[in-house]
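Number of protein chains: 2
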Amino acid sequence: MASWFRAGRLAAKLGPSSVTPRALHSAQCLRNQAIDPRVWALGRLDHVGVAVPDVDAACLYLPVLILFGQVSEARSHPEHGIRCVFIDFGNSMLELIEPLGEASPLQGFIERNKGGGLHHICLEVNDLDAAARQLSDLKIRLVSPKPRPGAHGKNVLFLHPKDCQGVLVELQQA
Amino acid sequence: MASWFRAGRLAAKLGPSSVTPRALHSAQCLRNQAIDPRVWALGRLDHVGVAVPDVDAACLYLPVLILFGQVSEARSHPEHGIRCVFIDFGNSMLELIEPLGEASPLQGFIERNKGGGLHHICLEVNDLDAAARQLSDLKIRLVSPKPRPGAHGKNVLFLHPKDCQGVLVELQQA
Chain A
103 MASWFRAGRL AAKLGPSSVT PRALHSAQCL RNQAIDPRVW ALGRLDHVGV
153 AVPDVDAACL YLPVLILFGQ VSEARSHPEH GIRCVFIDFG NSMLELIEPL
203 GEASPLQGFI ERNKGGGLHH ICLEVNDLDA AARQLSDLKI RLVSPKPRPG
253 AHGKNVLFLH PKDCQGVLVE LQQA
Chain B
103 MASWFRAGRL AAKLGPSSVT PRALHSAQCL RNQAIDPRVW ALGRLDHVGV
153 AVPDVDAACL YLPVLILFGQ VSEARSHPEH GIRCVFIDFG NSMLELIEPL
203 GEASPLQGFI ERNKGGGLHH ICLEVNDLDA AARQLSDLKI RLVSPKPRPG
253 AHGKNVLFLH PKDCQGVLVE LQQA
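Here the protein sequences line up with chains A and B, keeping their order.
Per our numbering, the very first residue in the first sequence carries number 103; after that it's consecutive.
Per our numbering, the very first residue in the second sequence carries number 103; after that it's consecutive.
If a hint is listed, it holds; no wrong ones were tucked in.
The list makes no distinction among identical chains, and a pair is therefore deemed to hold if it is satisfied within one copy or across any two copies.
Subject to a maximum C-alpha distance of 27 Å in a straight line, what follows is the list of computed BS3-like cross-link-like pairs (lysine-lysine):
hint, residue 1, residue 2
1, K216, K264
2, K264, K241
3, K241, K216
4, K248, K264
5, K256, K241
Because the hints were derived from the structure by calculation, they are not lab data.
Let's have the full structure, built from the sequences with the hints guiding it.
Here you go:
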């Protein structure tokens, strides 16, 4: 429970001026032990998502990764509006994703970041349904209300970047 | 050498229209075997850097990570213009970094991304000097010309995001 005390100390130290109401609510929930922190647990950093305009060109444009990493074949996932390859570094992976189709959820990101860029991180959890319930209670916004099958067969959900320091966080059932 | 052939096949398939001169140069170097791909090797994905305006507030704002991750104490590195904490997921880490001082290299990023965001990825390499030489030969631009001590004691160098699909890549001596 060291982390819990740390959060309490930080809240006291920072004071209300530097802490948003949303963060304060989360800290208060934790302090009041209204939420049991042991219901579910985070696991490994599964992958880092990198949005690119073109997966094939990206593979060529990153020769160093192609040469030294373990690169998967490109796969299209029309139901998710993406095409992707994975580069495996042994402990974790990069996922290069390009928009597929006009309605791709990546289209806006690529329009704002022409050459591509860091898009999301994906963390494993041991119980995604419990995580979804608890995160909602903590007022952390979910991009979709419930877990659903991701591009890789496992159930996933996304946490809103505005509640994660600007980082789009994907949680994946381990 | 499967990856090498893959790069060659891709270059042929994509044609000059979709491949930048820089990428084509890299592919040609590889095809001509002017560069030995076995001089050095990539290792693990050491960490993902997340820029935040305030490390302490970020730790409070990400209660889920604080509760379940292994969080280090915050450390200031005035010589690098950053203050950071690490969140350890066992296989890899998040590094939350805030700008320290007016001349911090993070200042511009935080001005463009008020709430913070994904900033860089850090990959280990087994021979950083060899990597620096070879990457220069491949016309991949380095942010500084030579490896130098990073915030964590080990030598590092940064690859220019424009040569890595918009991703700022830190290479760290393993």
